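Student: Each chain, written out:
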Amino acid sequence: MKPSQDNIMVDVIDLKMYFAVSRGVLQRKVADVKAVDGVNFKIKKGETLGLVGESGCGKTTTGRCILRLYEPTAGQILFNGQDITHLPERKIRPLRCEMGAIFQDPFSSLNPRQSAGSIVGEPLKIHQIAHNKQEYEDRVAELFHVVELDPSMTDRVPHEFSGGQRQRIAIARALACNPSLVICDEPISALDVSIQAQIINLLEGLQEKLGLTYLFIAHDLSVVRHISDRVAVMYLGRVVEITTSQELYQNPLHPYTKALLSAVPIADPVVEEKRERIILKGEVPSPLFPPRGCHFHPRCQIAIADCSQIVPPLREVGGNHEVACIRV
Amino acid sequence: MAVILTVENLKTQFRIEGGLVKAVDGISFHINEREIIGLVGESGCGKSVSMLSIMQLISTPPGEIVDGKVIFDGKDLLKLEAKGAEMRSIRGSKIAMIFQEPMTSLNPTLTICRQLTEMLELHLGMDSQASRKRGIELLKLVGISDAETRVDDYPHQFSGGMRQRVMIATALSCNPRILIADEPTTATDVTTQAQLLELMKDMVTRFNASLVIVTHNLGVVARYAQRIYVMYAGRIVESGNSKDIFGAPRHPYTIGLLKCVPRLDEALDRKLVPIPGMPPNLIRMPPNCAFLPRCQYHIERCMQEPWPELREVGNQHYVSCYINTQEKQ
Chain A
247 MKPSQDNIMV DVIDLKMYFA VSRGVLQRKV ADVKAVDGVN FKIKKGETLG LVGESGCGKT
307 TTGRCILRLY EPTAGQILFN GQDITHLPER KIRPLRCEMG AIFQDPFSSL NPRQSAGSIV
367 GEPLKIHQIA HNKQEYEDRV AELFHVVELD PSMTDRVPHE FSGGQRQRIA IARALACNPS
427 LVICDEPISA LDVSIQAQII NLLEGLQEKL GLTYLFIAHD LSVVRHISDR VAVMYLGRVV
487 EITTSQELYQ NPLHPYTKAL LSAVPIADPV VEEKRERIIL KGEVPSPLFP PRGCHFHPRC
547 QIAIADCSQI VPPLREVGGN HEVACIRV
Chain B
589 MAVILTVENL KTQFRIEGGL VKAVDGISFH INEREIIGLV GESGCGKSVS MLSIMQLIST
649 PPGEIVDGKV IFDGKDLLKL EAKGAEMRSI RGSKIAMIFQ EPMTSLNPTL TICRQLTEML
709 ELHLGMDSQA SRKRGIELLK LVGISDAETR VDDYPHQFSG GMRQRVMIAT ALSCNPRILI
769 ADEPTTATDV TTQAQLLELM KDMVTRFNAS LVIVTHNLGV VARYAQRIYV MYAGRIVESG
829 NSKDIFGAPR HPYTIGLLKC VPRLDEALDR KLVPIPGMPP NLIRMPPNCA FLPRCQYHIE
889 RCMQEPWPEL REVGNQHYVS CYINTQEKQ
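Note that the protein sequences, when read in sequence, are chains A and B. So for the first sequence, my numbering puts the first residue at 247; every next one is plus one. So for the second sequence, my numbering puts the first residue at 589; every next one is plus one.
By construction, these hints were calculated from the structure, which means they are not laboratory data. Wrong hints could be hidden among the right ones.
Stated by the list, open to error - Computed cross-link-like contacts, DSS-like style, restricted to lysine-lysine with a CA-CA straight-line distance of at most 27 Å:
id, chain 1, residue 1, chain 2, residue 2
1, B, Lys682, A, Lys520
2, B, Lys667, B, Lys682
3, B, Lys859, A, Lys527
4, A, Lys288, A, Lys520
5, A, Lys290, B, Lys789
6, A, Lys520, B, Lys847
7, A, Lys504, B, Lys789
8, A, Lys520, B, Lys721
9, A, Lys504, B, Lys682
10, A, Lys455, B, Lys847
11, B, Lys789, A, Lys527
12, A, Lys520, B, Lys859
13, A, Lys455, B, Lys682
14, B, Lys667, A, Lys504
15, B, Lys671, A, Lys291
16, A, Lys527, B, Lys728
17, B, Lys721, A, Lys504
The structure presented is a predicted model; accordingly, all values stated were derived computationally and were not measured.
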């Protein structure tokens, strides 16, 4: 079943984001870092799409392109059917009301001199949502309630909060303008294990209550699988596989996905004993000089000569499963 | 298996502005020969400090090892002068350590060769030619291709994973009996983590050494460790064979940890059960069990009596808790 067009919130089409590297006195451009190099995926309304990959694979850049914190080099981003790829700043601002963002490090993403209340309330001022002081204060208190923080703490500054509480403040800020889409960029990786589950459950609860759509960017495959409906796996600027969370573990197709899954240890020694381990050779190549053809071919166990020539397109293989490999 | 290192009632404290931090508060454990053990806990639970105490690498002040014994080779290491010749001959040579962030453990102004050979010259008395040759051998062993030329590179010319390989090579250079890896893969990606842990496991097998993996990642210890110690707020709350810890955990904290992390192979609709609250403030520790405020099983006795001692609940399985959690589960 193909999803109808109006069911799609975000459509990323052949997205490319290159960053110029310049050298010398004249700052001549010598090369491009191809951070995102032809990415395609769709986010449906109300779902959580997980975006997973190792550092430098372009997952954060992709998220920032959707937020239009970057203007993409090529390709298209449709948000609720509207092309936002090259919208000027004054037109993108009102749209940001629709998109919230939560970042990795709650220590650097919150201004240490601002009170928690004014951090959460700032979007209300910028987007002129609150019309008077009472409305503003009510909304800030409501947001504190939503993320299960005590509204009496609005006057405190970030360092008075623990890591988990700070991330709650960041979530409250992201929700201030009633967004429909929230981009969560590694929202739990800076937190302690016992605190991570609190934030994951909070995000899941908020999605249910407020009908949010999430793009959940993370490197931890177990967490991404847990929270997402579908998962897109990235490698060196490209999406190599998109499938449902169920299929991801039971039936991974791309050789990189298989290696990535096998590298994640499961907290059960009995299961671990029986698991097959694929240890990848070498390291991820530099996005300055990515390999020709399939980016993964130099490390791939099933690569053939063609793999170094053909850029494999992402193709449907049935059952909501797309893979970019000519060998499967 | 013969015991190679025993720690008895180790206590390490830090005197800071706000008061006294009991970072390690009376822990006892042992390491067997050719064994991989896991030391698990969240940040601030004292796992790194306990390892640094063994090596006598606690900076005094503000830190101080106030009590305990570390028996290695029949000697109490804590009786040795921290900067004395005897401790120096053990530290790095017989007990070696790998740290979390390889960039800060390698000197950026020295070549890889110099950093590798320093240990060999210092501990084994090799001359510069022999140590260079051995250094190249070690680099090859840890999987650095083109070792003959790369040995003259500087740390910044290596990637994070490669630097950690260099650290492993350095740590192994003097054939240590024990290798302590303190969060060795926290800063690396998951496929690099798999490469490095496999490498460490192969290397300790090859060198007949024991490995201590200090980590917060339960998956890593499940995959590699034979025996596990779980730490909370400066104490060991549960210890046992890996299969018992994961298959039949007894301490409410261990049970809680296992329920709050998502697993790759579980049903997708399982709800995570978070541990409520936060780890305690180590300056204002309660006299009774530090996990009590977060414990869902607690009974009357927990509030009245001091922190329980470890008691045996199975074959090599110890837990510091008054409650019979098996009944309650």
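Student: Tell me, which hint numbers fail for this structure?
Tutor: Violated hints (numbers, rising): 1, 3, 4, 5, 8, 9, 13, 14, 15, 17; every other hint is consistent with the structure.
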